[in-house]
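Novice: Sequence:
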Amino acid sequence: MSAISLINSGVAWFVAAAVLAFLFSFQKTLSGWIAGIGGAVGSLYTAAAGFTVLTGAVGVSGALSLVSYDVQISPLNAIWLITLGLCGLFVSLYNIDWHRHAQVKCNGLQINMLMAAAVCAVIASNLGMFVVMAEVMALCAVFLTSNSKEGKLWFALGRLGTLLLAIACWLLWQRYGTLDLRLLDMRMQQLPLGSDIWLLGVIGFGLLAGIIPLHGWVPQAHANASAPAAALFSTVVMKIGLLGILTLSLLGGNAPLWWGIALLVLGMITAFVGGLYALMEHNIQRLLAYHTLENIGIILLGLGAGVTGIALEQPALIALGLVGGLYHLLNHSLFKSVLFLGAGSVWFRTGHRDIEKLGGIGKKMPVISIAMLVGLMAMAALPPLNGFAGEWVIYQSFFKLSNSGRRLLPVCWGRCSLWVWQLPVRWR
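Under our numbering, the sequence shown has 192 at position 187, and the numbering climbs by one with no breaks.
If you are wondering where the hints come from, they were derived from the structure by calculation, not from laboratory data. Everything numeric in this text was worked out from a predicted model, so none of it was measured. Worth double-checking, as some hints may not be accurate.
With a straight-line Cα cutoff of 25 Å, these simulated SDA-like cross-link-like pairs (lysine to any residue) come out [to be verified]:
# : residue 1 : residue 2
1 : K369      : L98
2 : K33       : D102
3 : K405      : A321
4 : K369      : L381
5 : K110      : V147
6 : K369      : F95
7 : K405      : P389
8 : K110      : L144
9 : K368      : V379
Build out the structure end to end from the sequences listed, making use of the hints.
Specialist: Listed below in structure tokens is the structure:
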């Protein structure tokens with residue numbers, strides 16, 4: 006099957022699973038099986054489409070047959086498809102058993118529609134449709150929060166972000182006459198993207214990605230959501246925001262130097278503050294949410310190094326920064342899925358999310374404890390686990406960056422010092 010056929014099948018499975026899970030929501034166990042199996046199959050198709058394009062190293066374009074939705078899959082967004090597919094597979098299978106808990110409500114409609122919208126956002130060939138699908142995804146995520154107060158906060162911040170992105174799209178249409186990403190890329194080679202539009206996009210997508218200081222919804226939304234929902238917030242929703250920022254930054258291939266520096270600074274702040282807040286946290290899901298902020302910052306550092314490399318015309322810096330950032334994006338999604346789902350299993354068994362009340366859990370749940378230990382080791386970037394590999398490539402990009410210009414040397418050493426300082430935070 007071609008990548009377009011695979012992605013068509015994947016989206017169809019997500020939508021069908023969402024509708025059927027809703028229709029059978031009166032029988033929670035059956036609804037869970039429908040949502041889980043359908044979501045797992047859709048996730049496999051999504052990951053397969055990403056692998057097909059990534060291994061072929063050639064982008065493809067086409068349309069979703071049911072809705073005539075133009076799509077394009079490049080090696081870049083194929084990485085997001087693989088990430089979404091693998092994490093969606095884990096969450097969907099876990100969600101089957103999650104529906105057995107007496108306090109759990111049916112969530113098959115929201116989770117599968119969230120996955121369908123996220124996939125459609127990733128493969129959108131039009132920036133306007135990217136924003137629309139990201140909005141649908143965010144609304145599905147809002148309905149997955151179990152606390153109305155936090156849901157309202159996320160709803161308000163999300164609509165602010167969408168408004169800013171809508172203004173950015175309007176300005177793009179006024180200046181370039183199109184929102185098609187390929188046409189925008191060609192036209193921006195002659196007329197570079199204005200910094201006003203870029204800033205609107207970074208703030209709008211930054212609200213979705215949870216970049217500090219735009220992170221207000223992140224801790225509470227994770228803390229009050231179910232384990233499958235919290236896992237999707239970290240591994241899918243926030244990563245779509247990063248894709249939006251990277252897409253805008255790469256259009257035209259002529260990013261100014263200050264864009265890269267701005268992303269580096271935002272990444273440093275997000276990583277530092279996220280790790281600092283994690284020191285004071287006792288709710289295990291909120292603790293993992295703050296660690297997600299730290300890793301979002303680390304990923305942003307890699308992407309910022311890549312954008313800086315574009316401005317400095319340094320191919321090695323571009324490669325190291327983007328490869329490191331994208332590899333850590335995939336790695337973080339994998340080990341954070343393990344940790345959130347493991348935390349959900351602990352709550353499922355004990356009824357507690359307070360880590361101070363979970364002493365001796367290793368004896369009661371040895372398999373889950375071992376899985377979470379491996380996830381924590383990956384999060385701590387210990388070799389030979391995947392968390393180490395991604396961060397190591399990012400650090401290599403900083404060494405290359407320091408050789409490219411003395412004016413950026415303080416940024417590089419600042420990040421290295423931050424990593425050393427955060428070692429005890431990661432092992433908390």
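Novice: Hints the structure violates: just list their numbers, smallest first.
Specialist: none
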